[in-house]
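Add 54 to a position in the sequence shown, counting from 1, and you land on the number used in my numbering.
Honestly, the hints are just simulated from the structure, not real lab data.
These numbers were taken from a predicted model, which means no experiment stands behind them.
In this text, a Cβ means the ideal position worked out from N, Cα and C, and glycines have one as well.
A few of these clues could be false.
[Unchecked claim] Pair by pair, the computed Cβ-Cβ distance ranges are:
(1) 237 - 409: 26 to 32 Å
(2) 315 - 262: 41 to 47 Å
(3) 453 - 258: 24 to 30 Å
(4) 142 - 96: 38 to 44 Å
(5) 453 - 104: 36 to 42 Å
(6) 138 - 265: 41 to 47 Å
(7) 238 - 103: 53 to 59 Å
(8) 412 - 238: 39 to 45 Å
(9) 222 - 101: 51 to 57 Å
(10) 237 - 312: 18 to 24 Å
(11) 287 - 378: 24 to 30 Å
(12) 105 - 63: 15 to 21 Å
(13) 85 - 240: 51 to 57 Å
(14) 122 - 312: 23 to 29 Å
[As the list claims (entries may be wrong)] Taking lysine-lysine and the PhoX-like style, the derived pairs with C-alpha atoms no more than 25 Å apart in a straight line are:
(15) 293 - 265
(16) 418 - 293
(17) 452 - 265
(18) 61 - 89
(19) 425 - 390
(20) 89 - 265
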Amino acid sequence: MTARTVKKKAHAAVDAWAQEFHRFVDAAAETLQAKELGDVTWLEHGLRETSQGLCRDVLRWLLALPGLRVPGDRAEPGERRVRGQERMVHSLFGDIPLVRNYYHRPADGQGRFPLDEALGLVDGYTPGVAALIGRCAAELPFQRAAESFRAYTGLAVDARQFPRLTERIGPQVEQFLREQRPSGEARPPRVYVATDGTGAPLRHEELKGRKGRQPDGTAQTHEIKVGAIFTQHPVTGEKPWRDLDSNTYVATTRRARPFGHMMRDEFRRRFPSPPADVVFLGDGAAWNWELQRNFFPMALGIVDFYHVAEHVTGVVDLIEDHHTPSGRKRRRRWVKLLLRGRLDAFLAEARQAFPPNQTEAGAKALAYFEKNRERMRYRHFREHGYFIGSGVVEAACKTLVAQRLKGSGMHWSETGLSHILSLRTALLSRRYDEFWHTRSLSPHAA
């Protein structure tokens, strides 16, 4: 088919659509004038469906233009070309047939479709459709994602395609997030690095043999390491405020050391020239501070104050029930002492208050505070406008992980878990659209 013929057919499609559109407009005008004005949802849907039909036809004819320069559309040594291979492409305007060349290597049975690669198709879906499917799958359970996708776009996609496309897209997003692409943001005066962990349910067969926190030592969940990096422009005399939209996240099912590498890579991507003031926030878990020592040795360490307050509650319980009036009073006093930077006064009072049968347990409980002494200088931290709570990363554990991955009845494979984590990390870090843009510039993106 010649270019002239294709253009004629495209123009004919536009003319036919124009006639159909005029008929629709005339009919709509008669309907609107015949009765009192009311809900016009029918009109909006009708306009969308009519427009989509035209766009679908135009896209079909444009992609059928002869002479389109398709990268790699020639036989390499050892390949055999097969012409006229047709497939249905799922676009934002509906399905269109696509005819392309296939190149087969008899030696190893492999083959390729250069046009599919050039268009960036993902299992037959255009990048525009695949990006929306990935977004919906990252936000909602797959069945609900398919329903929402249809409501938003007018396109019906089988719910089973959502996990399949997530499996295709997820590794690409993970690779993109780990690549060193400078963010171009200005160096802020203060940067926070915060880490935490949470669990997500795995399939029973994937948990066999794993140690966990159940009474019998087994595991019901797999730990996910979560990190947040955000910035602050401190103002003397004012409470600390996080810079708007400065959060980016890291999340992985891997162990602490690989997670540390990922955190450091994200930090370097954003800040090639390290800011003068870097703060590391975490709870008292040993892996947090080992990660800081290995990957952020320049950072000021601060133990999350609210975790510290929970440990104070545990100390009080060794003396008396913290729910009693005197227990509540004791806890309030000790929390205030720590907040005012009087760690030694708290330790002295606690040691004096332990009953003889709790001396050993008390010493173990207070070791937590001794070990983190330098990270508990809360009066100093507050005077200099530092955050003393790790609420940002704890919120990330809820929004990034729990909202999507810990729903009722959910049990994931570790691979599927990783794919959704990658998509959600990109979304919440405002890098999901950047991924698709970068992918469109890459050769053989499919």
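Evaluation of the provided hints:
{"no.": "1", "hint": "237 - 409: 26 to 32 Å", "result": "56 Å, violated"}
{"no.": "2", "hint": "315 - 262: 41 to 47 Å", "result": "28 Å, violated"}
{"no.": "3", "hint": "453 - 258: 24 to 30 Å", "result": "27 Å, holds"}
{"no.": "4", "hint": "142 - 96: 38 to 44 Å", "result": "29 Å, violated"}
{"no.": "5", "hint": "453 - 104: 36 to 42 Å", "result": "39 Å, holds"}
{"no.": "6", "hint": "138 - 265: 41 to 47 Å", "result": "58 Å, violated"}
{"no.": "7", "hint": "238 - 103: 53 to 59 Å", "result": "42 Å, violated"}
{"no.": "8", "hint": "412 - 238: 39 to 45 Å", "result": "56 Å, violated"}
{"no.": "9", "hint": "222 - 101: 51 to 57 Å", "result": "33 Å, violated"}
{"no.": "10", "hint": "237 - 312: 18 to 24 Å", "result": "22 Å, holds"}
{"no.": "11", "hint": "287 - 378: 24 to 30 Å", "result": "44 Å, violated"}
{"no.": "12", "hint": "105 - 63: 15 to 21 Å", "result": "19 Å, holds"}
{"no.": "13", "hint": "85 - 240: 51 to 57 Å", "result": "56 Å, holds"}
{"no.": "14", "hint": "122 - 312: 23 to 29 Å", "result": "43 Å, violated"}
{"no.": "15", "hint": "293 - 265", "result": "42 Å, violated"}
{"no.": "16", "hint": "418 - 293", "result": "34 Å, violated"}
{"no.": "17", "hint": "452 - 265", "result": "24 Å, holds"}
{"no.": "18", "hint": "61 - 89", "result": "42 Å, violated"}
{"no.": "19", "hint": "425 - 390", "result": "20 Å, holds"}
{"no.": "20", "hint": "89 - 265", "result": "70 Å, violated"}
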